[in-house]
Every structure is written in C-alpha cells, then in structure tokens.
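All chains should be modelled from the sequences, with the hints used to inform the complete structure.
From first to last, the protein sequence lines are chains P and A. Quick note, in our numbering, the first sequence goes up one by one and the last residue is 487. Quick note, in our numbering, the second sequence goes up one by one and the last residue is 487.
Hints are computed from structural coordinates only; laboratory data are not their basis. Hints may contain errors.
Stretches of chain P that chain A covers, calculated by requiring three or more beta carbons in the stretch to come under 8 angstroms of a beta carbon on chain A [what the hints assert, rightly or not]: (1) 363 to 375; (2) 384 to 398; (3) 406 to 415.
Every residue gets a Cβ at the ideal spot worked out from N, C-alpha and C, and that includes glycine.
There are 2 protein chains.
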Amino acid sequence: MSESFVIWGDVCHSLGPDKLECVQGAYLVCEDCFCSGLFSELPERYAGLPVEDCRGLLVLPGLTDLHVHAAQFAYRGTGMDWELLEWLERCAFPEESRFADTDYAARAYARFVEDMRRGPNTRACVFASAHTEATLLLMDMLEASGLACMVGRVSMDRDAPEGLRERDAQWAAAETRHWLELCRGRYERTQPIITPRFIPSCSDALLEALGGIRREYGLPVQSHLSENRSEVELVRRLQPEAGFYGAAYDRYGLFGGEGCRTVMAHCVLSEAEELELIRARGVYIAHCPASNMNVSSGIAPVRRFLDMGLHTGLGSDVAGGTLTSIFRAMADAIQVSKLRWRLVDDGLRALTAPEAFYLGTAGGGELFNTGSFEPGREFDAIVLDEGRYAPERPGGLPERLERCIYLSDDRDIVRKYVRGRRLF
Amino acid sequence: MSESFVIWGDVCHSLGPDKLECVQGAYLVCEDCFCSGLFSELPERYAGLPVEDCRGLLVLPGLTDLHVHAAQFAYRGTGMDWELLEWLERCAFPEESRFADTDYAARAYARFVEDMRRGPNTRACVFASAHTEATLLLMDMLEASGLACMVGRVSMDRDAPEGLRERDAQWAAAETRHWLELCRGRYERTQPIITPRFIPSCSDALLEALGGIRREYGLPVQSHLSENRSEVELVRRLQPEAGFYGAAYDRYGLFGGEGCRTVMAHCVLSEAEELELIRARGVYIAHCPASNMNVSSGIAPVRRFLDMGLHTGLGSDVAGGTLTSIFRAMADAIQVSKLRWRLVDDGLRALTAPEAFYLGTAGGGELFNTGSFEPGREFDAIVLDEGRYAPERPGGLPERLERCIYLSDDRDIVRKYVRGRRLF
Numbered sequence: 064m065s066e067s068f069v070i071w072g073d074v075c076h077s078l079g080p081d082k083l084e085c086v087q088g089a090y091l092v093c094e095d096c097f098c099s100g101l102f103s104e105l106p107e108r109y110a111g112l113p114v115e116d117c118r119g120l121l122v123l124p125g126l127t128d129l130h131v132h133a134a135q136f137a138y139r140g141t142g143m144d145w146e147l148l149e150w151l152e153r154c155a156f157p158e159e160s161r162f163a164d165t166d167y168a169a170r171a172y173a174r175f176v177e178d179m180r181r182g183p184n185t186r187a188c189v190f191a192s193a194h195t196e197a198t199l200l201l202m203d204m205l206e207a208s209g210l211a212c213m214v215g216r217v218s219m220d221r222d223a224p225e226g227l228r229e230r231d232a233q234w235a236a237a238e239t240r241h242w243l244e245l246c247r248g249r250y251e252r253t254q255p256i257i258t259p260r261f262i263p264s265c266s267d268a269l270l271e272a273l274g275g276i277r278r279e280y281g282l283p284v285q286s287h288l289s290e291n292r293s294e295v296e297l298v299r300r301l302q303p304e305a306g307f308y309g310a311a312y313d314r315y316g317l318f319g320g321e322g323c324r325t326v327m328a329h330c331v332l333s334e335a336e337e338l339e340l341i342r343a344r345g346v347y348i349a350h351c352p353a354s355n356m357n358v359s360s361g362i363a364p365v366r367r368f369l370d371m372g373l374h375t376g377l378g379s380d381v382a383g384g385t386l387t388s389i390f391r392a393m394a395d396a397i398q399v400s401k402l403r404w405r406l407v408d409d410g411l412r413a414l415t416a417p418e419a420f421y422l423g424t425a426g427g428g429e430l431f432n433t434g435s436f437e438p439g440r441e442f443d444a445i446v447l448d449e450g451r452y453a454p455e456r457p458g459g460l461p462e463r464l465e466r467c468i469y470l471s472d473d474r475d476i477v478r479k480y481v482r483g484r485r486l487f
Numbered sequence: 064m065s066e067s068f069v070i071w072g073d074v075c076h077s078l079g080p081d082k083l084e085c086v087q088g089a090y091l092v093c094e095d096c097f098c099s100g101l102f103s104e105l106p107e108r109y110a111g112l113p114v115e116d117c118r119g120l121l122v123l124p125g126l127t128d129l130h131v132h133a134a135q136f137a138y139r140g141t142g143m144d145w146e147l148l149e150w151l152e153r154c155a156f157p158e159e160s161r162f163a164d165t166d167y168a169a170r171a172y173a174r175f176v177e178d179m180r181r182g183p184n185t186r187a188c189v190f191a192s193a194h195t196e197a198t199l200l201l202m203d204m205l206e207a208s209g210l211a212c213m214v215g216r217v218s219m220d221r222d223a224p225e226g227l228r229e230r231d232a233q234w235a236a237a238e239t240r241h242w243l244e245l246c247r248g249r250y251e252r253t254q255p256i257i258t259p260r261f262i263p264s265c266s267d268a269l270l271e272a273l274g275g276i277r278r279e280y281g282l283p284v285q286s287h288l289s290e291n292r293s294e295v296e297l298v299r300r301l302q303p304e305a306g307f308y309g310a311a312y313d314r315y316g317l318f319g320g321e322g323c324r325t326v327m328a329h330c331v332l333s334e335a336e337e338l339e340l341i342r343a344r345g346v347y348i349a350h351c352p353a354s355n356m357n358v359s360s361g362i363a364p365v366r367r368f369l370d371m372g373l374h375t376g377l378g379s380d381v382a383g384g385t386l387t388s389i390f391r392a393m394a395d396a397i398q399v400s401k402l403r404w405r406l407v408d409d410g411l412r413a414l415t416a417p418e419a420f421y422l423g424t425a426g427g428g429e430l431f432n433t434g435s436f437e438p439g440r441e442f443d444a445i446v447l448d449e450g451r452y453a454p455e456r457p458g459g460l461p462e463r464l465e466r467c468i469y470l471s472d473d474r475d476i477v478r479k480y481v482r483g484r485r486l487f
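Shown next as structure tokens:
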C-alpha cells in the first residue's frame, strides 16, 4: 500500500530536547508511510504528490503514550483518594478481574480504543490484563483503529486476587506462549510486548520464564520501576539480593540491552546506580506526572534524565492518570517540574514547554521510530484547529504550540495520520 | 420575577469540608431564586411546582471561581515558562494594556464570558483591567450572560507600564468613583469590587484612597497575597513597617473585618501571624493550585486553612491558570496537596475529593450565599450528563462526583441555573 502525499500547514516538531523546529506554511512530505522531510518550498521532485491543504492549521507529530493501562480505563478519575498499593487492591485488581468476561472486555475496550483514536496519541505501550482472550480482543480493536501500539498481556503470579493471578509460573509461561502464537502473523501495526506487572506481582520463576520467552521471540518489555516509597520497600524485601529495583528485572534479561527495547514507567525514586543501569541498557523511562501525583508517589527528576541523556518519554498511566492525552501529560510534566525545583531541589531546572513537547513526541516516539518529521521516521501526524481558543491572539508558532499543550482537547484535532494513513 | 421549580435528579452537595450529602433520585426545590431544600420524597406543599426531569443526571451546586483575570483570558496557556514577576511584565501587563482599545476589549471579553457561561462556574470574583470603559463592558456582558459575578476595575499606580498605571493616587481615586457611579443601579447580578492589584503596584496613597472608597460604598475587596517568594520579598521592602504582607492591606481597611467581604488569592507563603489575621478578619482565601504551579510559587497549605476554619475556596486564576473550570481547580488542589504531603510536610494530610468539592462549591460559594443546597442559599445548579465517560461503570454517587471532578468538561454540562434562572 502506497501512502504518499504532502501536508501544507504550520508545522512544529522536535529534533532534540532543546531543538524545536517551527515552520509556518511548510510542506511536509510523506512517502510510503515514512517522512521524507519538511520544506519551506516544495522541492520539484515531490511536485506530483497530492497536497493536503492545512494552511493556518497546526501540524504536529503524533504523540506517544509510553504507559497506559487499557483495562483500567473504565474507572479513571475514581478511587484517587488511595495511595498506590491500596489503590491497586481496591480499584485496579477488582476492575481488571472483570476482563475474564469477554463481553465486558469488548464493551470496555471499545471505549478505550475510541478515546485513543480520537485523541492526539498515535502510539502507545499498553497494558491489557492477565486474560489472553480479552488481550487479543484489545489488539484486534487497536489494529482496526489504525493506531500502532505495543500491547502486553499482563503477567502476575502472586499477590493478586484469584481471577487475575496466574496459577503458577509454568502455567503463566505456557499461556504467554499461547498468546504469542495467536498473535503471530495476525497484525500489521500491533505488536505484543512482554509485560511482567511489577516485581511484587511476579515470582522469580515467572521472571525467569518471561526472560526466556522474550529472548526466544525477540520482543520488547514493559513494566513499572521505582514508583512509590512503599512499593520500593516491598521490592527490597522481596529481592534483597538484587541490590536495587531495576536489577531485579535485569537479572532475568528484562531490562533492556542489545535487541531488547524496554520501557519502565515512573522512576520517581531511582537512585544513581539504577539510573546508570538504565543508561547502560538503553531503557526508556515513561514519566507519568499525573499518576505520580494521584497515587502520592512524588515527582520524578526528569531534568536529571535529560542531562544524563536517558531515553525519556511521557505516559498517561491511565487510570493512575485520568486522561489519555499526552498534551495533558506535557502540561503536568512542566507543572510538577516547577514544584520540584521550588520545593525539593533547585539544582534541577524546571522543564520548558519545548522540552515537554520533545518528551511527548520525539522522546517517547523514538521507541517506535516516529515522533518527529526527520526523514526516515514513520509518518505520524495530527492537525489541530485552534479556533476554539485562539482568534484574539494568533501568535507565533512556539506560542501556538504552548497553548495547545495547555488547552487543547480532542475537539481540536481535525486530522490524524498513523504511518502515513489518515485515520480521520 | 418568580423562579420556582423542582429538579428531580441525582444530587450531591457539601454541608462542610467533611460533610458530603448525596441523594439519588432527589427532589431539589427552588423557590423565588432561593433553595428550599433537598428531599427524597417531594413534600406535599411543593406539589404544584413544575418538575424538571433530570433523572439519571448528576445535579450539583454551581461552582465558584474566587479569582480570575478576565483581561488575561486571551493569552492563557502561553508564557508559562516565566516566573511570577517576569510573567507579569512580559505577558500580563502588555495584554492588559490592550484593553484601552474598547473594540479589542469587546472581542476579548466576549470570549471570556462565553467560556464562563458554558462552563461549570456560576459565580466569580473577576479582575478586569485598569480601564473603566472596558470594565463596564465586561460587567454588561456578564450581566447579560446570566452569571452573578463581582468585577473589579484594577487599581495600580506604580511599577506598571504607561497605559496601565494610573496617573497618581488622586486620579485613580477619582476614576474609581466615576466607575462606581456608572455602576450604580445598572446591574441586578453584577457587583463592583474594590481591586488593588497587589501591594507592589499600589502606592500607600492609593491604598488609603481605596480604603476610604470601600468604606463609603460598603463594597467588598479582592487582591493578591503572599503568592511567590520574590513578590513577598518585594513587599517586605516596600512596606517594612507593615510587618507582614496582609498587614499592608489591613492598615488601609482593605483586609476584611465588619462589613468588608474580602478575597485574597494564593496565601502560598502566609505565615502564622498572617493566617491569624485572616481568621480574625474573616478574609476568604482563593486557593489557585494551577497558577501556583505555573508561575513556580509552590503549594499553599490548604489543610492548615481548613483546620483553622478559614474561609477557603478555589480560583482558576486564569491566565496564571489555564482553564476556568473549577472542576479542574478541584483536581489540581487534590494533586498538589498530595505532593505537599509527600515532599514538604507529612503532617498535613492530602485533600480528599469531597474536600476539594467543598472548596469549589460551598467553601467559595459562601461569599455569594450560594454553593450548596441548604435552604436559604441562592439557587445555583449545574446538571451533568456523564454519558461521555461513564456507561461501563455507573457507580455510586460519590464515585460519580469524583469522576466529574477529574474528567468533566463543558461538553458534559447540559443545564445551568443561576439564582434560580436557567441559562441553558
């Protein structure tokens, strides 16, 4: 399928944390689902391509949500008065248990997928639940939506209620293989990702088995890391020999390194040694500011991640967070970084709007080879009509971009492209 | 004009910070613009009133925004990478200067008023700009919208650019009187409020004059207090004899007390002595969590305000904040209170959803004698259709309310009443 065309509009994208490129009335070229570049004048060689006229509209790369729980979408915005471990027990686990019922899963996932399709995100690393059938259903729906996501059947064999906990590590491994076999050849855009829930929910035997499967299938990995004080203490008790939380994954080959793209959500409490390992292994950090407020975890030192050159992107962490839009995560990331600077450590400067934009686009998008309009990246774009909030002050492009970060919602998104294909 | 009717729906309101009342399928009676009570069964004596059928919908008191700058609405969501004093100079002052142009003011205020009319707030304490004509225009528009607001022509005679700064205190006093005379008898729902911008912008002579006018006209007062570190230091230099920031208003009779309803925004850095004076004078605190993040001020100790029994409500502080919805301010207030508990002082418990709801309704609304459905309060209500996010989990009323705090936007508000009059 050939997807080649030109978008003519006001374009912003990031070439790095401090490299925002803005071009008014730019020509953005997509050839065969990949970006061929951004031009002030359309080069002669593209003269034959159809031009989509988006003059006066804001054209941005699609946003990447590096961490979202599809099976928690139905109860977002509730149960927020609990802290992490209580919240899991009272809200997350009971809701996820319902996904054993495939009819319920179909209804609940349909709403999640429609929300994602209409919103600004084009890519996501998604947690489903421990149910194979429901997870496949979610993957089918995401594939049909046109989005390009990684989706994980969640593995957990301890410290969870009956309907969610897998019988034992052996059974869990067999079921994971079964799921992966069912995925084989089934999707064009949707990819399975190995998903141990987090160390407290996974026995050593399960982690070992998942590490083996990951290597065998050459799959990416996603999980949670150093999120909340009580959780970090629990992991220290459960895996004393690991030394620190990240090492507990690393022991089993579930923490990045050659051929193992890995996303770890949170890293609020990661210390020097853990951050060094994250760098050494090329692990992606999913910074989830809303969730870190909602379950009282704290504020991750994102400035440090950037200074160290760590792969960093943003996660909505629904339903620890409440909205899937990564624009909201950008605004939240800026806001909490200011509080961290003011209240915790004035050695770490607050994030700027261009930096937050980088995190939500090129930073996280790199995992999927998208998120900017550099030639060679997969072509994901969203087009925004700022009419709802802009008329009295058109402003320059960086100002318009900043306003979108703080004010836009799905009503403003008038076109959306994933891998060169227009979704609406 | 008689406005008497019954709303039949699922009702939540606050009778105090920890007293949330929720009644499913309740009858809420409005008689002559006042609330007559909330009933599980409709009392015989109201049998003759028309019943508005809102079964299955969520019926809440109108929200009160205790602090919002109408003249900053056009640039909300931009310039957020500056701290308070720089932000005033680079963003707020230049924009407010434009309101000397009445045509511009008409266009810009029309958008602010329409946003407020469509949103969940029914009351607001509004800062206009230093321009009399534009301020009257704003008041005319708010009056026509059906909202019931207090609006202040902003007084400032120093440390501001030419077009905003008043010539001198005498001129400013004369112009304030002129404005008040023009307001006389002009409005049914819209009330002028004395509005010294903040201490750094007001000479002693101006404060003295405003104190006199306030007494003479018997008007309320609004201003800013102890928001940002650099601002507090500046005030200390400007008014060394006051001892603390609040006392600088109090010297001139602009800080509550008998017959002087006063709202002070922020109080992020208020210390014990200032808080005691706030209590003694019955001053209302407008807690503005989003703005306090955006201009890097910090986190106000709202739990302390509640423990001390201070009058406390919420402010959007647009354009220090970005959205006018006080639902968003509730969510922000909860989130930052969790960070404060985690990072600054674990002696002050985080706010719960019912507490934040109290702040945004009965807490701030008390200034206007509204904000709850207690008999005798002016009848303001909003009706929400949760269809956009609810179907898979109807939930109990407290859960539905919490979800609205985090997820609702103006799309969900299907009816709105102010003083018993239906706006839409």
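Hint-by-hint comparison with the structure:
no., hint, result
1, 363 to 375, "violated (count 0)"
2, 384 to 398, "holds (count 5)"
3, 406 to 415, "holds (count 4)"
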